[in-house]
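**Q** Residue strings, one per chain:
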Amino acid sequence: MNRKRFFWLWTALLVLMLAVTGCGGADQAGSTNTNGDGNQTETSSDSSSEPGKTELIVGMDDDPPQMDPHFSTAAVDRQTYQSLYDKLIDIDANLNLVPQLAEDWEISEDGKVYTFFLRQGVTFHDGTPFNAEAVKFNFERMMDPDAGSPRASELSPVQEVRVVDEYTVEVELDAPFSPFLAVLTDRAGMMVSPTAVQEKGKDFSNSPVGTGPFQFVERVVQDRIVLERYDDYWGELPKVTKITIIPYADENVRVTNLLSGDADIINRVPPKEIEKLKQSEGIELAETGTLGFQGLYLNHKGEPFNNAKLRKALDLVIDREAIKKVVMRDAVITAAGPIPPSSWAYDDSLEVVQRDVEKAKQLMAEAGYPDGFSFTLMINPKPVEQQMGEMIQSMAAEAGIDVKLEIVEFGTMLDKMDNHEFHASRLGWSGRTDPDGNVYPLLHSTGYINYGYSNPEVDGLLEQARQETAPDKRRALYTEATKIAQDEAAYIFLYHEIDYKAYKDNLKGFTPYPDTMMRFHHVYFE
Amino acid sequence: MAVDTVIKTDNPKKRMVKDMWGRFVQNKLAVVGGIFIFLLIFMAVFAPWIAPHDPTKQSYEKFLHAPDSENWFGTDELGRDIFSRVIYGSRVSLEAGLISVGIALLIGVPIGLLSGYYRGVLDEYIVMRFTDAMLSFPPLVLALSMAAVLGAGLENAMIAIGLVFTPNFIRLIRAEVLSQREREYVEAAKASGISDFRIIFFHLLPNCLPPILVQATLSIAAAIIAEASLSYLGLGTQPPTPSWGSMLSMGQGYLDTAPWIAIWPGVFIFITVLSFNLFGDGIRDALDPRMK
Amino acid sequence: MLSFIIRRFGLMLVILLFVSIIVFSLIHITPGDPARMMLGQEATEEALQALRHQLGLDLPLYQQYFNWITGVVQGDLGNSLKDNSDVLQVILQKLPVTIQMTIFSFLIALMIAIPAGIISATRKGTLWDYGGTLFALSGVSIPPFWLGIMLIFFFSIQLGWLPPSGYVEPWVDLKKSLLLMLMPALSLGVRLSAEITRMLRSSLLEVLRSDFIRTAYSKGLLERGVVFGHAIKNALIPVVTVSGLQLATFLGGAVITETIFAVPGLGRLVVTSILTRDFPMVQGAVLFMAFMVVTVNFLVDILYSILDPRIKLEGGKK
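Protein chains in written order, with my numbering: chain H, 46 to 571; chain G, 551 to 842; chain E, 427 to 744.
No wet-lab data here; the hints were simulated from the structure. Here the structure is a predicted model, which means the values were calculated and not measured. From the three backbone atoms N, C-alpha and C, an ideal C-beta is built for every residue, glycine too. Among the hints, erroneous ones may be present.
Between beta-carbon pairs, the in silico distance windows are [as the list claims (entries may be wrong)]:
#	chain 1	residue 1	chain 2	residue 2	range
1	E	I583	H	Y493	25 to 33 Å
2	E	R478	H	A442	38 to 46 Å
3	G	V817	H	T421	48 to 56 Å
4	E	L443	H	T118	54 to 62 Å
5	G	L656	H	T421	50 to 58 Å
6	G	F592	H	K321	38 to 46 Å
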C-alpha cells in the first residue's frame, strides 16, 4: 500500500514539473508574439489584444530612494517625478524652455526680479488648488535652512518670493543669475501639495502628492512603484492609465525583462547590449546626447593629487578611445570638458587629452616621483564601472602608477569625498539644462560638486558668466575656464554619455530628452 | 555520525595507520580527489610557469574572443586570457580555503579543548550557547555581513569565513574531548600529576586529530565555495587579482555572447571542491571502517 | 514531556539572547556614521548632532543595546537608512517569496533524493550506488551560483525554454510564476537533494540492518515490499527532521540564488542591503533569519522527541 501511494505521489510531482516545463517550451516555440502582459492586469482578460493596452511597465535601473523632489539626491529619483509632478517650466527635446505650470514669465531689466504667471485651474492630486500661495510655500520649503533641502544651494540666489495675486508670483534674486529659469526645469521647479506636506510631514516621501499627469498609488520597496492616471489633470489626459515602475538594478536582468516582454521600456541600456537590441525584432532604441560628463575626481587636499603634475600625469596616462571602444562600445563621446555637445555652450575647439605615457613619466620625474606613485580609486559596484576601473588600473601601471580599486556604494563614496578621505573617485555628473549647472558647481571653489579645487581666476570667470546674458560671451567664458581646469587637471574628463532607452515597438509617442528623463504623458500603445 | 576512533595503545598504532592507508587507497574516488588536489596545488604554486599569458594583461583588440589556439579558454571582456586567469585563480581559492580553515582551527581548537576539559558554567552557558547562536545564522549571510563590516577584500573575506566556521570546530572538538576525558589514559595522566596543560595539549589533542582532519578537509571545500560566493558578490578578492568567483560574476553578463567567461571558472571551482569533498570522505571512511 | 519542552524553550530564549548580541555588535563595530548617511551631503554639524541624539547614538553601548532589544521585542526593527521604510514590514513583504521558493525546492529536492537514496541503499556497492554517491558529492560541491548561471545558459539562452529571471506572484499568473520558480528552486534544491540522498542512504542502511526488518524478512515478505513498507517509513523520520535543520544553510543559499534570478525575496534583500550598507535593514533581516532558524530548530526538536521517544533522554543538550 505504502509503496503505491509513494509511487503515485512521486509520479504526480514529476508530471507537474514536466507539465510546467513543457508548457514553457511550447509557449516559446508556438507563439512568438505573446507579450505576457496579462501578469499585471486585475481583470482576467489575459487574451485581450495589444491595442487595448493602457498599462505601462517601466524597467528602472534602481529603486528610487526618495519620492520627495525637494529632498532628492539621486538621478534615478527624477525619472518617477516626471510623471508625478509638474515643474514651473519644462524643457523640450531641444533644450528650449517651455511653459508648464507657469504659462509665462517676465524678467526685470536688472535681471533680479522674475515674475511668473501661473496656469489656472490646476489641482494637486489631493484636490488642493495650485496657486501663487502654493508656489511660495514650495520655494520656502526648499529654502528653509532647518530643513536641509539639497535644493537650497540651487536656489541660493533667491531672496524673496512674493504673492502678487492668486496666479502671479514674483521671485526676487539678490544678484542676476542667468541659469535661474533652467534650474526650475528640474526638481527645484517641482511643485508639491502644501496640504499634503503639512499633513504628512516626513511621511510625504512615502505617499507623494503633485500636480502631474499621474498620481501615486502604492510602493513596495525594491519591488515596484505604481502610478495611475490623474483624471483631473489640467492638460490633455494621458492615454496610459497605469504605470508600474519596477527596479531592475542588474543591467542584464533589465534587458532580459524587456526582451521577455515583462517591461515595455527600460532605462539605461548597458553599452554591451546596444548592438544586440538594435538587431532584436520588436525592440526600438531611442538615442540622445546627454547633459552630463563622466570622469575622475581627484582629491586636491591630500597626497598625491594636491600635486598638479601628478594629476596631469594620470590625465595623460588614460586612453579615452580605448575606454570608449572596449567598455562603452562607442556609445559615448570622449570629453574635453564639462559641457556636452548637446549644449549650446559646447566648444568643439577644446581638445580631448591624448594618451602620452612618456610625458606622464616626465611629469612624475619633475614632481619627484620618477618611479611612479600609488593611489586608490573608488568605483561604484557596477560591471561597467569595474571594467573601466580595471582598464585605468592597467593603463596607469604602464607608467608605473599603481592603482588600487575600492568598490564602494554611492553613499559611501560621497561621504568619503565630503570628508576628503579619498585619492580619486570615478564619479560624474548627470548635468543640468543650463551649462552653468555643469561648470560652476564643479570648478568654482564654492561649487557643490567641487571636492577641493580652487583657482581664483576660474572663480572670477564663472561668476562673470552668471551675470552675462549673451550666449556667445558665456560660451567664451566657459571655454576659458575649462582650459585652465584642463591644464591643471582639476578633474579628469573622460566622456559624455549617450543615453539609450529601449522599448517595445508597440509603444508609440516616446520622445527622448537630453535630461534623460522619461516622460510618459504622451505615450500610447498601438 | 560521530567519528569514533579506536586508538588504544601505542603498539598497534602503526598497523592501524597501515590499515587506514589500505582502506583509503581502496576508495578510488578518494584517491582521484587526492590526485586532483595535488595537481591543483602544483598549478597554484607553478602558475607563472604554466600560464601562457600574463593574467592581467589586457588587449583592446582581442576582447570577448572565443577560444582559439592562442587563448585556449578564450578572452574576457577586457581581452585577458581566461586560461591564464583560471590558473592564477587557483591561488586565491586554495589560499582562501586553507587560511580560513586555519583561522577556524586556531580559534576553535583551543576553545573546544578547554571547554570540553573543564566543562562548568562557562562551557554550558557561554561557549555552547554562543556557538548555538552562531550556528543559527545562515553561514553565508553571516560571512557576507562580516565581510561588509570589515570592508571588501580577500583578507577580510578569509577572516569572516574563518570566524563563521569556528563554532563547528569548537563543537566537534568539545564533543571529542568529552568522550576522551573519561578514558583510562587521561585518568592515568591525571593520577601521575601531569599538569592540565600537558594533558590537554599533549594527550587529548593528538587523540582528537583524526576527526579534526576530516572536518578540516571538508571545511576547505566549503570555504572555497564561500570565498567564491563573496567574490561573486564583490566582497571578496579585488581586481586585478584574478579569482574564480569574480570572473564568474562578470561572465554572467556575457552568457549569450561569450559563455566561456563564466563556464571555465565554474568548472574549476566545481572540480576543486569536489576533490576536497571526495578526499575528506575518503579519510573519514578510512578512519571509521564501519561506515562503509 | 512538558518539562522537556519548557527546558528546550528556555534554551531557545538564551540562544536568541546571544543571537541578538552578535547581530548588535556586528553592526556597531562598523565604521561610518549612520546620521551622516541619513542626512546626506548637505547636512550641518548641528543637524547631525541632533539626529544622533534622536537616534540615541550618543548613549553608552549597553544602553543602546537595551533600547534596541526593547524595540525588537515589540516588533520594532528600526527603519531603513535608504528610504526610511519600516524594516519589519519590508521583511514581511519579502518573506512569502522566499517561503514559496523554499517549498518548491524542497519538493524538487525530495523528488530527486528519495529515489536516489533508495536506489543507493538497496543496491549498495553496485554501480548505481557509486553513481548515487557521486551525484550526492557533486551536488554538495557544485557552486550554487554557477549552477544557477549554467541553468540560465542552457534553459534560457540556448534552448529558450524558460524565462531567465524575475518573479510573479502565483495568484497573479500561476503558470508564469511556476516557470520562473523552476530554475531558482532547482539550483537551490540540488544541494539539498544531495544532502538528503546521503542521509537517506545511511539511515536506510542502518534500518535495513535492524531487527524488525529481519523479522519482516522471516515472515516471508518480498524484499521490495520490505523496503517500501517498513524501512522507508523509519528511515524518513530522521531525514525529514534533519532536513528541517538544514534551514540555515538553505537560507544562505537563497541569498545567492535570489540574486542570480532576481527573485525579490529575503535573500536578495540581505544582499542589496549589505551592498548599499543599509545596516538597519541588514541587522533586521539577519536577526529575522536567525530567529526563524532557532524557532524551526526548536520545533524540529520537539517534533523529533514526539516521533522518536528514544531521543528525549539527551535531546535537550544535543
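**Q** Output the numbers, in ascending order, of every earlier hint that fails for this structure.
**A** Hint check: 1, 3, 4, 5 fail, others pass.
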